[in-house]
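For chain S, the structure is supplied; the task is to place chain B on it using the hints.
Chains as they are written, first to last, in my numbering: chain S, 1 to 260; chain B, 261 to 877.
Hints listed in this document are in silico derivations from the structure and should not be mistaken for laboratory results.
Among the hints, a few may not be true.
Listed next, the stretches of chain B that the computed footprint assigns to chain S, with coverage defined by at least 3 CB atoms under 8 Å from CB atoms of chain S [to be verified]: (1) 725 to 738; (2) 770 to 777.
If you want the ones that stay clear, here's a sample from chain B, every Cβ over 12 Å from chain S, calculated [to be verified]: (3) Arg262; (4) Thr351; (5) Trp619; (6) Asp690.
All C-beta atoms in this analysis are idealised placements derived from N, C-alpha and C, irrespective of residue type, glycine included.
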Amino acid sequence: MAVIFINDREFQTEEEVTLLELARQKGIEIPALCHHQALSPYGACRLCTVEVCKEDKSRLVTSCTYPVREEGISVYTDSPRVKQLRRVIVKLLLARCPQVKLIQDLAEEMGLEGSPFPLHDQEECILCGLCVRVCSEVIGKNAVSFSYRGAGRKVSTPFNEPSEECVGCTACAFVCPTGAIKVEDSDETRYMEFWNTKIPLRRCKECGITYTPENTPEYILGKLELPKNLLDLCEKCRRKAVAESLSNYDVTSRSVIIKK
Amino acid sequence: MRKIINPADLESFRQSCIKDMSREETWVAVCCGTGCSASGAHQVVSSFKEALQEKNIDGKITTRVTGCHGFCEQGPLVVVHPGNYLYCQVTPDDVEEIIEKTIIQKKAVERLQYTDPVSKEKVVVEDQVPFYYNQHRLLMRNSGIIDPTSIKDYLAISGYRALSMVLQEKSPLEVIEEIKASGLRGRGGAGFPTGLKWESCYNAPDNTRYVICNADEGDPGCFQDRSILEGNPHSVLEGMIIGAYAVSAEKGYIYVRNEYPLAVKNFSTALEQAREYGLLGENILGSGFSFDVKINRGGGAFVCGESSALIASIEGKAGEPRDKYIHATEKGLWDKPTVLNNVKTWASVPYIINNGADWYAQIGTEKSKGTMVFSLTGNVNNTGLVEVPMGITLRKLVFDIGGGIPEGKNIKAVQTGGPSGGCIPEKLLDLPLDYEKLTEAGSMMGSGGMIVMDESTCMVDVARYFLSFTQEESCGKCTPCREGGKQMLAILNNIMEGKGQENDLDMLEEIAQAMKEGSLCALGGMAPNPVLTTLKYFHQEYLDHIRDEKCPAKVCRNLIKYFINQEVCTGCGRCLKACPVDAVEGTKDEPHIIHQEKCTKCGACLEVCRYEAISVE
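For reference, chain S alone in the conformation it holds in the complex (with noise of 0.2 Å):
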């Protein structure tokens, strides 16, 4: 256990929690683009930055990727040099994407009246990378990624060509902060522009309406070990099926037996 200060109030905390994580227990509030718990911590949007002060030595580092380490350490979260940098951060932001109602708000927040910077792009992506990370952390997939380096930064799928990865999940549009990434249903097919991907989707065997892309059931079924025939049903009839079928229920089999 360490005790350490965030704004002048005093904390007990484990070690090796970070301070994005324990000011969020605490309900301080710390502005951040490229954090998500259930992600691990990669410190690229640098907005969660704060102050860390012992004795006389003072610098500024971002709380998503600091663990608390050292005793007696006084955090600030919005100091005059935090509130600067934040403020530039948020100035490029809006430079680079000043479409995105996320980047305007924030902007709203600190008083800033568009970016007087002399770039203007209409981006929607911040490169926040929290795509990327979901699909290979959680979904296990790596179907996108960062393509070129510097200013010329892209996430994207190989080479931009459709995916042959991608099972369509759209975690990655779940977790977009900025809703670059967009989802299209229409009658066969499940098209992500974004990814320059389409995926067919699969009809329901009972009433005939698309209800999954082609691929999910199957992937979701080798990691996570659900009965096999649930899946081939939409959600409606799953549950239709699963109540007309409770009393067949299989124990041997661990499956249920749908009547046709």
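Using the frame of chain S, we list chain B on its own:
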């Protein structure tokens, strides 16, 4: 080929190596570092070998292909021993005369000798050239004497003695104490005390540890690490083995860029030889200590010189940095405790062990000990690699060793520390070169880049050039470096095109500070240095560009105009022919004019004019 089984065996083998080397009464050292090789050193070597064979004296006189001597400006360099006769810019045609006069008659070939630009006198002996005698050559000295592909040469000059001594007489902790006492600090640029780094790795609770040599030298114009690896690879390897013993590592890596083929080749040879002789591998010199090194070739990304990106790259991941709140000495390569040091740091270790920490600590200043190798380039007479004690002033380095500025021009600034270092103005030339003083001045030691700039340099252009490099090489992971660098570059381009506004300077300052404080790694943190230092020391030059739309150094194309002086022009027509866009008009023998709307300011007319009739304003 024999395995050396213990320290006594090493010493007796060393004696035979020394005997072999001293049997050569007369020998010729031809510098075959990358610079001299590019100017034809290998043809000189062949000519020597052929000519000596023809004269039937090749049995008595050895031609030795050595590493870089440092004086690249004057290459290919040839030194004839004994006597240390130095010859500059030698071509195959000069070989006959050198053999005839120097080797046979023991006389100098005057026309090939170095002429001191100040005294205009010929210098006979290598050590007396001002370029050399003002230096303190420690890491670089043996590169000009030994054949880097021969472990016997290295053994003859006390090679692997430090290793043998450490394995016999010192515990790992004693080695760490010795390095701590020497005051050696990281030569990659950050200047972290090497002994402390080793100690914290030693103390990390884990059984597997690694050592890494960072040879991913990427600064434009820097080639000292390359040169040491090419010219004296065993010194780096010996340092690594000693370091591995000190922190109990069994495996090491050297991360060297693939654009350095000779460094890769010579280091590979060194590894093979050391393994064959039992100086690397299992049970080194019978001590029970085992260690081996693997070469990892880098793909040329500048950011991979950053330690955490380098480690990621060795692990097979994308070369991107991570936050280093937990140090590599605790969680480095594959999350194991790792010591990562620069080539020059590793190469310093055997010298410290051989001569003692006290001896080493006498060189340099209070906080910066030992020597530093700089790549001296730019507008300076003697370009090349110079090794000097820490604390030498910039002025001494540029004028006494570098021989001053060519064409009688004035010095304007010196950029130290590579593309992310700062520009130090002429008024600060008496600054002693050490880690702290350079940082105070807004620059840094870096890996040892040193670019001299004369009065014809535009400092806005310099800032833009270096920033465009770091921007190009940014990995793009964090917002300040990726977005900030891009915006700063756009602002600088505007200023150079005459579209600058006064609040541009505040904006530059604001973004630069954010990059410095908020970037993830040192690349982003240091990238604004050229902008910040030029803003600080050359503020007026920025204002001239913005307020008066003038480039005082006459470099920025959009802010200059070429004119033909009507009273001087003879109408010879040379400029008319040279102009690629037909902007020059005039009839023969009548003064010509330049049409400003067509002129692209390429400067071709100025170059060809024989009458100094063309001026730039």
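Status of each hint after checking the structure:
1. Counting residues of the segment 725 to 738 of chain B whose C-beta sits closer than 8 Å to any C-beta of chain S gives 8, which meets the bar of three, so the coverage hint holds.
2. Residue count for the segment 770 to 777 of chain B with a Cβ under 8 Å from a Cβ of chain S: 5. That meets the three needed, and the coverage hint holds.
3. The claim that Arg262 (chain B) lies off the interface holds: its Cβ sits roughly 49 Å from the closest Cβ of chain S, which is beyond the 12 Å cut-off.
4. The Cβ of Thr351 (chain B) lies farther than 12 Å from every Cβ of chain S, with a closest approach of about 43 Å, so its non-interface assignment holds.
5. Consistency note on Trp619 (chain B): stated as away from chain S, and its beta-carbon is indeed over 12 Å from all of that chain's, at 34 Å minimum.
6. Residue-level check passed: Asp690 (chain B) sits 30 Å from the nearest beta carbon of chain S, beyond 12 Å.
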